[in-house]
Amino acid sequence: MTNNVFVTVGSTRFDRFIAAISSPPFLAQLLSLGYTHLTVQHGQSPIPNSFSSLTHDLGLHLDAYTYKSSLRDDMERASLIVSHAGSGSILEALRLNKNLIVVVNEDLMDNHQQELGSALHEQGHLVCCSVSGLENALREKKYESLVPYPEPDPTRFANFLNTRMGV
Amino acid sequence: MDLHHVNRLVLTGVITAALIALPLAFAAAIRLYISLPQNRRRNRAGIAQLSSVSPSTSSSSTARRSELRSRTSVRESHPSSTSTGSSDAHPPAVQRCKTTIFLGSGGHTAEMLQLVSGLDTTKYYPRHYVVGWDDNSSVEKVRRLEAARNQQEITTTGIDQRASTSPLKKQERQEVEEGGYTIRRIPRSRHVHQSMLTTPFTLARSLLVALPLIKRLTCLTKADVHPSSSSSSSPKDDTTIRQRSVLLMNGPGTCFALALAVIGARMLGVPDEQTPDLVFIESFARVKTLSLAGKLLYPLCDVFLVQWPDLAALYPRAQYIGALV
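Those sequence lines, one after another, are chains R and F.
Mapping to the numbering used here: the first sequence position 96 is 96, numbers consecutive.
Mapping to the numbering used here: the second sequence position 252 is 252, numbers consecutive.
Please keep in mind that the hints were generated in silico from the structure rather than gathered at the bench.
For clarity, every value in this text was computed on a predicted model and none was experimentally measured.
Glycine included, each C-beta is placed from N, C-alpha and C at the ideal position.
Keep in mind that the hints are not guaranteed to be accurate.
[To be verified] For lysine to aspartate or glutamate, the following DMTMM-like pairs were computed, each having C-alpha atoms within a straight-line distance of at most 20 Å: (1) R:K98 with R:E144; (2) R:K68 with R:E106; (3) R:K98 with R:E76; (4) F:K288 with R:E122; (5) F:K295 with R:E115; (6) F:K123 with F:E178; (7) R:K142 with R:E122; (8) F:K288 with R:D107; (9) F:K141 with R:D107; (10) R:K68 with F:D135; (11) R:K98 with R:E135; (12) F:K288 with F:D310; (13) R:K68 with F:E140; (14) F:K215 with F:E140; (15) R:K98 with R:D74; (16) F:K288 with R:E106; (17) R:K68 with R:D15; (18) F:K123 with F:E273; (19) F:K123 with F:E146; (20) F:K123 with F:E172; (21) R:K98 with R:D15; (22) R:K141 with R:E122; (23) F:K288 with R:D74; (24) F:K295 with F:E273.
[What the hints assert, rightly or not] DEER-style ranges, computed between Cβ atoms: (25) F:L208 with R:K68: 35 to 41 Å; (26) F:T198 with R:V147: 44 to 50 Å; (27) F:L19 with R:Q44: 54 to 60 Å; (28) F:G269 with R:T66: 52 to 58 Å; (29) F:V139 with R:R77: 53 to 59 Å; (30) R:D15 with F:V14: 52 to 58 Å; (31) R:D15 with F:M196: 23 to 29 Å; (32) R:L58 with F:P200: 53 to 59 Å.
Hey, can you work out the whole structure from these sequences and the hints?
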């Protein structure tokens, strides 16, 4: 239960991210932190051919797939989630109150994903970094002392609209 | 000789066209101006209050609530929104709000349905969902949400099934009577990666579909708005309920066609209080910049909600009442 890392890129392509998490130094770092299972949802990004043999040699249990209709189960199983910066994945992981590292794709033209990641980082709900900062983020272990994200209050919008519409 | 002739013809044509087009454009501009949210009677009192409290920077929920309350009282005491034939000392409350919800697929749908799930279905009735042409996954999610809620409703409260006087099609009326909601599709105004050159054409196509849809689903009849004032003329006045209408949108671009259709309806002379209030809720993912849909809809919407305080500080008409998802 406490030794599973889940990596997700969502429905997009994020090759540098997948290349980083399948590199020997990253895998060695996971092992040194005590993780034994790695689950990777890599979407359209290719994983290197040597990935499964590499993890096998290191003694890390690997489960890699392109996409699933719901990532919920894998997120629940994980003790650490390393996610791309899409708002859907971020919200899902925050709801489950998981240790969360969000990796921003700096190559995207539209950088609003980075805004969400860093805003939530400032509030202490997650750790936001670039691909090159991933190793550091893992080492610093700030993801172990995150502020729980408050449950959404469905009455907030409803009350606002009731007042506005006068019903 | 010929050329001279043609020149004169062209010149006369241009002048005639200009003579016709200029007053038309002028009239349209005035119509557009009074159709814009800042100039709607319903919003004016609220805007004045808003600017005095400067809500964009205040995030205290209690201050917000009292301010909202005062805005509502201002609006309700306005002669345009009170019922003329009422014997009560205070104006009758709005009993029902016709609700049209645009679902933009994917993350947009997820956020919107979460907002809608908090609404009281007996007050927000009927609900018309508008989805993209090929967006079956949103349709499925709506059906799931509505099915779960209908079961609750039947056991807790019986909704007043008395039909609105608005001109729904027979099948739509049937759907409303059965489940309290309908789902309608419109063509997308822009596909992902579509060229900006062809976008006006696809937008025009969405608009053509949106106009009658908006007229039918969202606009109210006079009897819907002032039921008691029509009591003398209409024999079935007890079947009408005082209503308002709201259109909820959160992107992407296709909802621009819906908003334009509503503005268009106002420009074409549908009375202000019979058109829906346009409500846009910017995505939780937008922290410091508005989405394209947000930028397009900001000048058109009566209520513009953002989920991060920075955006409310940047856009004076945007309101921040906390994160909503």
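Item to check | Consistency of beta-carbon spacing, Q44 of chain R to L19 of chain F, with hint 54 to 60 Å | outcome: 58 Å, holds
Next on the checklist: Checking one constraint from the list: CA of K142 of chain R to CA of E122 of chain R, max 20 Å. Satisfied?
Outcome noted: Given pair K142 of chain R, E122 of chain R holds - Cα atoms ~12 Å apart, limit 20 Å.
Checklist entry - Do the Cβ positions of D15 of chain R and M196 of chain F conform to the proposed distance bound of 23 to 29 Å? => result 28 Å, holds
Next on the checklist: Check whether the Cα positions of K141 of chain R and E122 of chain R lie no farther apart than 20 Å.
Outcome noted: 16 Å, holds
Checklist entry - Is it true that the CA of K68 of chain R sits at most 20 Å from the CA of D15 of chain R? => result 19 Å, holds
Item to check | Satisfaction of the hinted span 52 to 58 Å by the C-beta atoms belonging to G269 of chain F and T66 of chain R | outcome: About 54 Å separates the Cβ atoms of G269 of chain F and T66 of chain R, which means 52 to 58 Å holds.
Checklist entry - Quick one, are K68 of chain R and E140 of chain F close enough, alpha carbons at most 20 Å? => result 18 Å, holds
Checklist entry - Does the alpha-carbon distance linking K98 of chain R and E76 of chain R stay inside the 20 Å limit? => result Given pair K98 of chain R, E76 of chain R holds - Cα atoms ~8 Å apart, limit 20 Å.
Next on the checklist: With the threshold set at 20 Å, check whether the alpha-carbon distance from K288 of chain F to D107 of chain R stays at or below it.
Outcome noted: 19 Å, holds
Next on the checklist: Can you confirm whether the C-alpha distance between K123 of chain F and E178 of chain F stays at or below 20 Å?
Outcome noted: 17 Å, holds
Next on the checklist: Quick check: does the Cβ-Cβ distance between D15 of chain R and V14 of chain F fall within 52 to 58 Å?
Outcome noted: At roughly 57 Å between Cβ atoms, V14 of chain F and D15 of chain R fall inside 52 to 58 Å, so the hint holds.
Next on the checklist: With the threshold set at 20 Å, check whether the alpha-carbon distance from K288 of chain F to E106 of chain R stays at or below it.
Outcome noted: OK: K288 of chain F and E106 of chain R at ~17 Å, within 20 Å.
Hint compliance for this structure: hints 2, 9, 14, 21, 23, 24 and 29 are not met, and every other hint is.
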